[in-house]
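Participant: If you read the protein sequences in the order shown, they are chains A and B.
Counting in my numbering, the first sequence runs from 110 upward without gaps.
Counting in my numbering, the second sequence runs from 412 upward without gaps.
Rather than coming from a laboratory, the hints here were simulated on the basis of the structure.
Errors might be hidden in some of the hints.
[As the list claims (entries may be wrong)] Heads up, simulated DSBU-like pairs for lysine-lysine below, C-alpha to C-alpha not over 35 Å straight-line:
no., chain 1, residue 1, chain 2, residue 2
1, B, LYS633, A, LYS362
2, B, LYS415, A, LYS364
3, A, LYS362, B, LYS422
4, B, LYS493, A, LYS364
5, B, LYS496, A, LYS246
6, B, LYS633, B, LYS415
7, A, LYS239, B, LYS603
8, A, LYS364, B, LYS471
9, A, LYS155, B, LYS415
10, A, LYS307, B, LYS471
11, B, LYS471, B, LYS650
12, A, LYS307, B, LYS422
13, B, LYS594, A, LYS239
14, B, LYS584, A, LYS364
Predicted model only: the values in this text are computed from it and were never measured.
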Amino acid sequence: MTSDSDFELRNLSTVQCSINNHVGLIRIQGKDESNRINQLMVAELKEAISSFDDNPTVRAIVLSANGSNFSYGSALKGSYKGIDLHSYRISSHLANTRTITIASLHGKVLDQGLELALACDIRFAARETKFGLTNIKSGCMPWDGGTQRLTRLIGPSRALYMMLTGVTIDAMQALEYGLVSDITSELNDEELSLEFGKTVSNHGPIAVEYLKEAVNSGSDLNLEEGMRLELDLATLLHSTNDRAEGLLAFAEKRKPEFQGD
Amino acid sequence: MTDKSIVYSKKNSIVSIKLNRPESINAITQSMRDLIYDALMAYSYDEEAKACVIYGAGEKGFCSGADLIEFGKSKSQAESRKIRKQRDLWGLLSQIKKPLIAAVHGYVIGAGLEITSLCDIRISAEDAVFAMPEVAHGFIPGAGGTQSFPRAIGKTHAMRQFLGDRHDRMTAKRAYELGLLHKIVSYDDLLKTAFSFAEDISLNDLTLLTAIKTAAIDGWYKPISIGLDLENRLMEKVKLNN
């Protein structure tokens, strides 16, 4: 087991990392309240995400932010001419993790900030959260996966409305659009996300990983191919001790204890 | 035939499949799977049949999922895969090009929700509760749920349901808001409503019904040019019939 004490990510300056009850928490910490994402933050975020994703004790990752806003977007300003955006992109790195990722959102979630959230598996938001891909207002377009992920998540009609007008929408609307999975009531967004992360960490770890693969890879396939993928993954799970434990626990009417094997 | 775990009936051009193990909330056993497979084959080859209503016997619910007790006595990987490929019920359910109507109530859990998600029209009683608790039990949905459920309600909400607590259930009202259900009625009106949809549908020509479903399902998740091409070809066939 990795404990917080031998955790090597303590010294990053733009992200704070901790692990508690199998849930890895990453908080982004920008220079000011706008929590803008600069090149250093991109590099450190990648490191933090990879480190958690490679750590078998981490069964869910919560991506949150310090301060009153999740993020206004990239720190890049003005013209993009001559800038290699490769080192500023982060969303695919996040989307390709085996671990379930949960975005914990509050305040402004704009541009690349929203693109980060879109790359997560689950999104929870505080009631007053505002969402937008406002790039068009500065003569630009989303460049960290937004045109693809937003369109797939909420459909081209709503996605184009957001991207062509640069409008910001509120949490209730985001919930209706299927952009967020839930909005907070009594808990704040981070508490809700951590609690959900804990729930995820109680599930069979291999099953969770295969579920993510089936859903994400399957959404690029037609239904027939997707069904085949699910069948193969479900059959692969037959050999796991976790599945046997799950069935035994069900028969014995108790909570299962999964080892991830 | 002594096994009455499903009942297949036919009246004129409407068929129905009743899941009939109310003592265990219609939990799906291997033998039920085979019987449903046969029933769906009968439906798909019956040139007179134009709509199929699937519902569950008993007041407790539509279907509580796979029979996990039987599920536990599983065969080897290779054996299970072979069985599944020989009589791939869920593949068949997803590929049938005739209308399927789910009429659900009470518990609609796991495979019960997966069957519902693969139906084209979904009517629910007010009391229905929905859940997909497989990963909490250490496995994944295996009746197409990882594919059909996100397509029905969107990935954001589907992932939430897949990964939530095993006691985390969705009400009929919520399922309706998320687009899973097309209509909520009282339990007493459930079958009447479902069969009345079936009646309306069955007034149409079978070629037309099949063409619409084929275009929508086979064209889905393909480049739109291929989907439009499919639509054109199917429309030519429909034209010859009217």
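Participant: Now, for every hint given, state plainly whether the structure supports it.
Facilitator: Cross-check of the supplied hints:
A distance of roughly 44 Å separates the Cα atoms of B:LYS633 and A:LYS362; the hinted pair therefore is violated under the 35 Å criterion. This hinted pair checks out: B:LYS415 and A:LYS364 have alpha carbons roughly 33 Å apart, not beyond 35 Å. Restraint check for A:LYS362 and B:LYS422: the C-alpha separation of about 42 Å exceeds 35 Å, so the hint is violated. The straight-line distance between the Cα atoms of B:LYS493 and A:LYS364 is roughly 32 Å, inside the 35 Å bound, and the hint therefore holds.
Only pairs whose Cα atoms come within 35 Å are accepted, and B:LYS496 paired with A:LYS246 is rejected, the gap being roughly 53 Å. Restraint check: the Cα-Cα separation between B:LYS633 and B:LYS415 comes to about 40 Å, which exceeds 35 Å; the hinted pair is violated. Taking the CA atoms of A:LYS239 and B:LYS603, the gap is about 45 Å. The hint is violated against a cut of 35 Å. Using a Cα cut-off of 35 Å, the hinted pair A:LYS364 and B:LYS471 holds, with the two alpha carbons roughly 24 Å apart.
As the CA atoms of A:LYS155 and B:LYS415 are separated by approximately 57 Å, the hinted pair breaks the 35 Å bound. For a cut-off of 35 Å, the pair hint linking A:LYS307 to B:LYS471 stands: about 31 Å separates their Cα positions. Distance check on the hinted pair: B:LYS471 and B:LYS650 sit about 46 Å apart at the alpha-carbon level, beyond 35 Å; violated. Simply put, A:LYS307 and B:LYS422 have alpha-carbon atoms about 51 Å apart, too far for the 35 Å limit, and the pair is violated.
At most 35 Å may separate the alpha-carbon atoms for a hinted pair to count; B:LYS594 and A:LYS239 meet this at roughly 32 Å. This hinted pair checks out: B:LYS584 and A:LYS364 have alpha carbons roughly 29 Å apart, not beyond 35 Å.
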